[in-house]
Amino acid sequence: MSQDTKNYYLPGPSFWPLIASISLFLLAGGFAMVLNKVAMGTPLMIAGGLSLAYLLFGWFKEVIGESVSKFYNKQVDISFRWGMGWFIFSEVMFFFGFFGALFYARNVSVPWLADAKLLWPNFVAGWPTSGPGITEAFTAMGPWGLPAINTLILLTSGATLTWAHWGLMKNQRTQLKVGLALTILLGAIFLYLQMHEYAEAGFTIKTGIYGATFYMLTGFHGLHVTMGAIMLAIILFRVMKGHFDSHDHFGFEAVAWYWHFVDVVWLFLFIFVYWL
Amino acid sequence: MSTTTAAHHDDHGHDSHGHPTGLMRWVKSTNHKDIGTMYLWFSFAMFMFAGALAMGIRAELFQPGLQFVQPDVFNQLTTLHGLIMIFGAIMPAFVGFANWQVPLMIGAPDMAFPRLNNMSFWLLIPAAILLLASFFVPGGAASGGWTMYPPLSVQGGMSVDMSILALHILGVSSIVGSINIITTIFNMRAPGMTLMKMPMFVWTWLITAYLLIAAMPVLAGALTMLITDRHFGTTFFNAAGGGDPVLFQHVFWFFGHPEVYIMILPAFGILSTIIPTFARKPLFGYASMVYATAAIAVLSFVVWAHHMFTTGMPVAGQLFFMYSTMLISVPTGVKVFNWLATMWKGSMTFETPMLFSVAVVFLFTIGGLTGLVCAILPVDIQLQDTYYVVAHFHYVLFSGAAMSIMGGVYYWLPKWTGHMYDEKLGKWHFWTTTIAFNVTFFPMHFTGLAGMPRRIPDYSQQFAEFNMISSLGAFALGISQLLFLYVVIKCVRGGTKATNQVWEGAHGLEWTVASPAPFHTFETPPQVK
Amino acid sequence: MNKKAIFFLGTALSSIASSAHAAYDLNLKAPVTEIAAQIFDLHMLIVWVCLAIFVVVFAVMFYSLYKHRKSVGHKAAQFHEHHTLEIVWTIIPALILIVMAVPATKTIFAMKDTSEADMTVKVTGYQWKWEYDYLDKNVKFISNLSTTQDQIENKAEKSENYLLEVDNPMVVPVGKKVRVVLTASDVIHAWWVPEFGVKQDAIPGFIKEVWFKAEKEGTYRGQCAELCGKNHGYMPIVVEVVSEEKYNDWLSAKAEEAAAGAAGADKEWTKDDLVANGKTVYEKNCAVCHQATGAGLPPAFPAITGGKITTGPIEGHLDIILNGKNVMPAWKALLNDVEIASVIAYERNALGNSVGDIIQPSAVKAARK
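Line order of the protein sequences matches chains A, B and C. Residue numbers for the first sequence, in numbering that gives the first Met the number 0: 0 to 275. Residue numbers for the second sequence, in numbering that gives the first Met the number 0: 0 to 528. Residue numbers for the third sequence, in numbering that gives the first Met the number 0: 0 to 368.
Honestly, the hints are just simulated from the structure, not real lab data. Watch out, some of these pointers could steer you wrong.
Computed cross-link-like contacts, DSSO-like style, restricted to lysine-lysine with a CA-CA straight-line distance of at most 30 Å [claimed, not checked]:
id: 1; chain 1: C; residue 1: Lys-121; chain 2: B; residue 2: Lys-423
id: 2; chain 1: B; residue 1: Lys-528; chain 2: B; residue 2: Lys-344
id: 3; chain 1: C; residue 1: Lys-253; chain 2: A; residue 2: Lys-116
id: 4; chain 1: C; residue 1: Lys-136; chain 2: C; residue 2: Lys-212
id: 5; chain 1: C; residue 1: Lys-121; chain 2: C; residue 2: Lys-307
id: 6; chain 1: B; residue 1: Lys-528; chain 2: C; residue 2: Lys-66
id: 7; chain 1: A; residue 1: Lys-5; chain 2: A; residue 2: Lys-60
id: 8; chain 1: C; residue 1: Lys-111; chain 2: C; residue 2: Lys-245
id: 9; chain 1: A; residue 1: Lys-73; chain 2: B; residue 2: Lys-496
id: 10; chain 1: C; residue 1: Lys-69; chain 2: B; residue 2: Lys-496
id: 11; chain 1: B; residue 1: Lys-426; chain 2: C; residue 2: Lys-66
id: 12; chain 1: A; residue 1: Lys-116; chain 2: C; residue 2: Lys-69
id: 13; chain 1: C; residue 1: Lys-364; chain 2: C; residue 2: Lys-331
id: 14; chain 1: B; residue 1: Lys-489; chain 2: B; residue 2: Lys-423
id: 15; chain 1: C; residue 1: Lys-74; chain 2: C; residue 2: Lys-111
id: 16; chain 1: C; residue 1: Lys-245; chain 2: B; residue 2: Lys-196
id: 17; chain 1: C; residue 1: Lys-253; chain 2: B; residue 2: Lys-344
id: 18; chain 1: B; residue 1: Lys-27; chain 2: A; residue 2: Lys-69
Over 10 Å on every C-beta distance to chain A, these chain B residues come out as not near it, computed from the model [said to hold, decoys possible]:
id: 19; residue: Ser-28
id: 20; residue: Met-47
id: 21; residue: Gly-55
id: 22; residue: Ala-58
id: 23; residue: His-80
id: 24; residue: Gly-144
id: 25; residue: Thr-146
id: 26; residue: His-230
id: 27; residue: Asn-237
id: 28; residue: Trp-343
id: 29; residue: Glu-422
id: 30; residue: Gln-460
id: 31; residue: Gly-477
These numbers come from a predicted model, not from an experiment. Idealized CB from N, CA, C, for every residue including glycine.
Throw the hints in and build the complete structure from the sequences for me.
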């Protein structure tokens, strides 16, 4: 155990969990209605979204306040590290499911369908494919245009973030700020290019299993980049306010971990979705 | 850390002067004991509700022909019975135990993230509302089975979306809860409490939490693909677009089989706690119990396709999954043998918790052995989707998981409430439950072998007698649980004062605190030798 | 106690009493194929092994429960480890498993070997019926549950093979290796005949193969074994295993039937004939969902009476029957031209509708192209 002088911080009663519950209820109930064309759905989802934003803002504000007030000792810091680590692991497993679907489609279901001559006499196995029943021609996404540039951008953003971290550890606040800002900028460029790629793509999410796996994987990745960029922006904002010092900056590290995780997912996407 | 640190604990927002009262005590709670209590009551309410659905199922199956419900409603009953029992009753009950017991057993002041802990609980409520409300939307509740296989689940109406989104919310709840439990166990143990000194219950929950974190996101992925197939034109599970309905089954069972162990490992932990207490003898083979639990957890990720033996996998796949499934019975067997060795040459008494535990060892082993029968692929070809499988998993989930929960409730009720429960009524509850359970489910082995498919509202006349017996047993089983409710309420409201140690043979930190356990415990970490 | 409860209690007692003569089925059905026999033996082997383990283990437990009680004054020992013992009870079960895996593996290889079949039948699962297509024999038909709705609703006495009887059974010759290629049109079904030891999911868009070689003539009954929606419990499988001779007779009778049906497509039909014929077709194929009265079961199954499609333009009506939509199957592969024309005539001019128009089978034939 550490040599702390304080006990583990235990927060008092809190309303936030209930707000979280209400937010997700509104979002989920509203979404179910939207999907089934019930008019009430949209306003419910908007209410849920607003309530979720309020929740995230308020809860994190409270936690940041506690952190700035030095309520957290070393042991609490370790708890946050465990928590963030396993949260990222759960995200890894989420992507694992979709990659599994991609591998299954390419290596199992498509070859099987090609063998089922009784049902699909003209279907030949191959990748990319939209399957035997969707016959419109489409052009697949090649790896060496935008995707390669995007790969470079994300890898560079990982480097700039590490550079910012060095700045923080050496107490060079300018390096920290510039590094963070560069990282956010690169993230935004990545997202812009990704949207451009979507707009120019010669296929949609309905283009069979190729379109489905492509958009599902890149779409969820893009969503994670967006969340990561927002979190980085918050960290930058906090840095501006003078938060974090060279020893105590887990908020920064947590977001950095997340950003590197998003990077790694992209490398897998680049290899398995775009390239091979 | 030493006791001198205690003086500082109050210098910030921590409310340890008495505790909040009224409704807000529960809504805003950041106390592991209160949250545990809410989990347990929620789970009990869901248990009764899903049990009521089962009564509907058994009433319809009392006789051949259609009497009470139309086939579509029957399918809704079986689907929601499964979903609610698994996600609403059994899993939250174990999380309730974890909340109450893990901090007490490892000498922690609370869970690592008290607010997230409360959020995990409160997320259960919207999920439950979505599931219950789905009965009232056009077309009725989801009727494609709890496994929600496409394309059938692609056909369903709004209720399928509601169920999917409810499961998403439950997934968030489980993941957050598991992160909390892992962090608590790794970071909040009292000084001297090394990993290999942790009570077995804590070990089983640690491993369960890992299973949850690894498995629940995969379920979320499967459900997300299902919802995009339903509404956004993707073809993950549609052959015309190059997908495969069986892909869903692979992804689902990659979650689903670990899920089976998520529902049984904490039960093993409860047994490993109760049996040594009443045998007055330390748990036999503690280390091998830990290794066996870990082995089961690892193997649980490579056996999933044994739920899919009839989908027509290639020979290599069939053989791999048959062998790995057979293998998993080895560590499970080790556990049973260890419990027997713990009883052996003990000095046993048979209070209600021990009765439940002994019954679980006996009945769970029946479920385990029929599981071995089902693992033999050619035999499973005949048994898949018959009542034999229904019998098998109820022996594992009711007489394994649910009866362990009941045993655990009796075991720790005195610590929770400060009162002894009514031993006589507890024993009545045990015997009625055990007998009624066997009357209900034992005949299903035979109806299954003789060829009765599961999930049918009506059956040919050769199965009439056994179904009638099963239904009568089920009604008795249902009524018995009202007795359980009564015993618990009676114990909460009063009874003989419980001592701190409660049971003569009980060991561990939770028995060093007062009964009922004070609102805050171990604010100063105890020293474990 | 209300009347219903008394009624049930009464029937419960009387049926228990009257069932004394009925043979209880406590085990797998008597096998009629080599594979089913192997499965039967494998099952018996594993049951005996499990039972032996069970008896030994719990003899020990109950002995302990009896002897090592506090109430008989037994003092607790304090041992909590015994490495040799722990290794032994890990290794012995593993060895038992290996012994059981060997025959199981052999059977799996045999089950998967669909080569050198004498004939091939394509079986397709539909909600909620089976279609049998004897490839290269030009014989293709639908097999529906033939138990009446009255029996299901307890308004008529239940027949001997209640829920296990069909209008058109699958017929195969005895002693021939039959390869079954399975698929489904809508959702996953499973084709299961216990006596053959065959159970295989029928997966839409995929072909799965199984085989059987029935050694004994007789009628064998199975059921769909994968939840497939509302009437999952009402799509049995009946296979008649007959001599080669009878099988050939049956084949030619079926071929004639098909030829007669095809011939009907070219002649001009009157409205009354079509409506009359349509009633049979409707009740066999459509009433399951849209109900015999035409009232439907909204929202899943719309009403025929006054329905948007059944009283709208006849082309739209024909289109939905031929090609299906959502839950509605595509009937073009299931019904012949005369049947489709008849059912359209019936739906538009009976069941409370009186649109007045009909479509000739020849027009249906043309619309298929």
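Against the structure, the hints come out as follows:
A threshold of 30 Å between alpha carbons decides the hint, and for Lys-121(C) with Lys-423(B) the separation of about 63 Å lies outside it, so the pair is violated. Between the alpha carbons of Lys-528(B) and Lys-344(B) the distance comes to roughly 27 Å, so the proposed pair stays at or under 30 Å and holds. A threshold of 30 Å between alpha carbons decides the hint, and for Lys-253(C) with Lys-116(A) the separation of about 26 Å falls inside it, so the pair holds. Between the alpha carbons of Lys-136(C) and Lys-212(C) the distance comes to roughly 19 Å, so the proposed pair stays at or under 30 Å and holds.
Between the alpha carbons of Lys-121(C) and Lys-307(C) the distance comes to roughly 36 Å, so the proposed pair goes past 30 Å and is violated. At most 30 Å may separate the alpha-carbon atoms for a hinted pair to count; Lys-528(B) and Lys-66(C) exceed this at roughly 34 Å. With a C-alpha separation of about 22 Å, the suggested pair Lys-5(A) and Lys-60(A) falls inside the 30 Å cut-off, and the hint holds. Note on Lys-111(C) and Lys-245(C): the hinted pairing holds, with a Cα-Cα distance of about 29 Å set against a maximum of 30 Å.
For the suggested pair Lys-73(A) and Lys-496(B), the alpha carbons sit about 40 Å apart, so the restraint of at most 30 Å is broken. A distance of roughly 24 Å separates the Cα atoms of Lys-69(C) and Lys-496(B); the hinted pair therefore holds under the 30 Å criterion. Taking the CA atoms of Lys-426(B) and Lys-66(C), the gap is about 21 Å. The hint holds against a cut of 30 Å. Our distance criterion of 30 Å between C-alpha atoms is broken by Lys-116(A) and Lys-69(C), whose separation comes to about 72 Å.
For the hint linking Lys-364(C) to Lys-331(C), the alpha-carbon distance of about 10 Å falls within 30 Å, and the restraint holds. Between Lys-489(B) and Lys-423(B), the direct Cα distance comes to roughly 12 Å. Compliance with the 30 Å bound is thereby established for this hinted pair. For the given pair, Lys-74(C) sits about 58 Å from Lys-111(C) by alpha-carbon distance, which is inconsistent with the 30 Å threshold. Between Lys-245(C) and Lys-196(B) the CA atoms are separated by roughly 75 Å; this puts the pair beyond 30 Å, and the hint is violated.
In summary, the hint linking Lys-253(C) to Lys-344(B) is not supported, as the alpha carbons are separated by about 74 Å, beyond the 30 Å threshold. Distance hint between Lys-27(B) and Lys-69(A) is fulfilled; the C-alpha atoms sit about 23 Å from each other, no more than 30 Å. Residue-level check failed: Ser-28(B) sits 6 Å from the nearest beta carbon of chain A, not beyond 10 Å. Against chain A, the non-interface label of Met-47(B) holds: every CB pair exceeds 10 Å, the least being about 22 Å.
Distance check for Gly-55(B) against chain A: the nearest CB is about 24 Å away, which clears 10 Å, and the non-interface claim stands. Against the 10 Å criterion, Ala-58(B) stays outside the reach of chain A, whose nearest CB is about 30 Å from its own CB. Against chain A, the non-interface label of His-80(B) holds: every CB pair exceeds 10 Å, the least being about 21 Å. With a least beta-carbon separation of about 19 Å from chain A, Gly-144(B) lies farther than 10 Å from that chain, consistent with its non-interface assignment.
Non-interface call for Thr-146(B) relative to chain A: holds, since the shortest CB-CB distance, roughly 16 Å, exceeds 10 Å. Here His-230(B) does not stay apart from chain A, with its beta-carbon only about 5 Å from theirs, under the 10 Å limit. In this structure Asn-237(B) is not separated from chain A by more than 10 Å, as the shortest Cβ-Cβ distance comes to only about 8 Å. Every CB of chain A lies more than 10 Å from the CB of Trp-343(B), the least distance being 38 Å, so the non-interface label holds.
With a least beta-carbon separation of about 36 Å from chain A, Glu-422(B) lies farther than 10 Å from that chain, consistent with its non-interface assignment. At roughly 38 Å, the least C-beta separation between Gln-460(B) and chain A is larger than 10 Å, which holds for a residue marked as non-interface. Look at Gly-477(B): its CB is around 30 Å from the nearest CB on chain A, clear of 10 Å, so calling it non-interface holds up.
In summary, the numbered hints that this structure violates are 1, 5, 6, 9, 12, 15, 16, 17, 19, 26 and 27.
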